[in-house]
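Student: Spelled out from the first residue to the last, the chains are:
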Amino acid sequence: EAQVTQNPRYLITVTGKKLTVTCSQNMNHEYMSWYRQDPGLGLRQIYYSMNVEVTDKGDVPEGYKVSRKEKRNFPLILESPSPNQTSLYFCASSLSGGRGETQYFGPGTRLLVL
Amino acid sequence: AQSVAQPEDQVNVAEGNPLTVKCTYSVSGNPYLFWYVQYPNRGLQFLLKYITGDNLVKGSYGFEAEFNKSQTSFHLKKPSALVSDSALYFCAGRDAFSGGYNKLIFGAGTRLAVHP
Numbered sequence: 003e004a005q006v007t008q009n010p011r012y013l014i015t016v017t018g019k020k021l022t023v024t025c026s027q028n029m030n031h032e033y034m035s036w037y038r039q040d041p042g043l044g045l046r047q048i049y050y051s052m053n054v055e056v057t058d059k060g061d062v063p064e065g066y067k068v069s070r071k072e073k074r075n076f077p078l079i080l081e082s083p084s085p086n087q088t089s090l091y092f093c094a095s096s097l098s099g100g101r102g103e104t105q106y107f108g109p110g111t112r113l114l115v116l
Numbered sequence: 496a497q498s499v500a501q502p503e504d505q506v507n508v509a510e511g512n513p514l515t516v517k518c519t520y521s522v523s524g525n526p527y528l529f530w531y532v533q534y535p536n537r538g539l540q541f542l543l544k545y546i547t548g549d550n551l552v553k554g555s556y557g558f559e560a561e562f563n564k565s566q567t568s569f570h571l572k573k574p575s576a577l578v579s580d581s582a583l584y585f586c587a588g589r590d591a592f593s594g595g596y597n598k599l600i601f602g603a604g605t606r607l608a609v610h611p
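Going down the list, the sequences are from chains A and W. Take 3 as the starting number for the first sequence in the numbering used here and just add one per residue. Take 496 as the starting number for the second sequence in the numbering used here and just add one per residue.
Hints are computed from structural coordinates only; laboratory data are not their basis. Hints are supplied without guarantee of correctness; some may be wrong.
Which bits of chain A does chain W cover? Going by a derived footprint, with three or more residues having C-beta under 8 Å, they are [said to hold, decoys possible]:
| id | region |
| --- | --- |
| 1 | 46 to 53 |
| 2 | 67 to 73 |
| 3 | 98 to 112 |
Covered stretches of chain W, going by a simulated chain A footprint (3 or more residues, C-beta under 8 Å) [claimed, not checked]:
| id | region |
| --- | --- |
| 4 | 518 to 532 |
| 5 | 537 to 546 |
Glycine residues also receive a C-beta, built at the ideal position from the N, C-alpha and C atoms.
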C-alpha cells in the first residue's frame, strides 16, 4: 500500500531533550515536506526537500533541523525542544515537487513539550 | 502575500441535507487549489483539486468544489451529507508560478458536524 508513515505517533518530552520524528514514504517520491498544525492557524510548512541532500526552509523553520540522506526518509529533528513546539506534525510527499501535484500526508505526530 | 481563508470555524448540517464549506483565496495569477479532510487521529486525506479547466471539480466520497475566479472562491459541496462526513476540512492553495515548489498555503480549517 502506498503510504507515508511517521513515528512516533505520540510523544511527550521535556524542554531541551533532543528528539527525532521519522518520516518514510514508499512511493519513490522526490519531494518531501514537514508541516505543523496549530489550532486556528491551519498547517504551516517547516522544511521541505526536493531530493536527496537537497533541503530548504519553509515558513517556520526556527528550532528544527532536517536531513535527507535517503530518498524514502525525511526525519525532523528538534535539537532542544521548547514548549512552543508543542504541536501536531505532518510529513507529506509528492512525486517531484511540481506546483500542482497532490501531496500525500502521513498520520501525524502529536508532540507535547513540557 | 498569498493567503487562503476559511471564514467558518464550524458548519453544522443535518444528515441528508446539502453541505457547503467555504474557502476564499488570495494569490497572484492563476491559483492551484486543494481540499483535504482530516478525520480524528488520522492524517490529511486528499479530496480534490483545481488546476485548470472545468470550474466544477469532482472528487472523492461524493464531494465537489466550484472554482469561481470573480469571487476568488473554491467552496466545497456535497448534495447529501452523511454523519460519516463529520471531520475537519482544509482548503489549501498556491499560485502557479512563484517559487517554493510545492508549498501549500492552508486555511485554518472548518469543522463539519453532520447531525443524524
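Student: Compare the structure with each hint and give your call.
Tutor: Tested hints:
1. 46 to 53: holds (count 4)
2. 67 to 73: Violated: only 0 residues of the region 67 to 73 of chain A have a Cβ under 8 Å from chain W.
3. 98 to 112: Since 12 is at least three, the answer is holds.
4. 518 to 532: Since 3 is at least three, the answer is holds.
5. 537 to 546: Satisfied; 7 residues make the cut.
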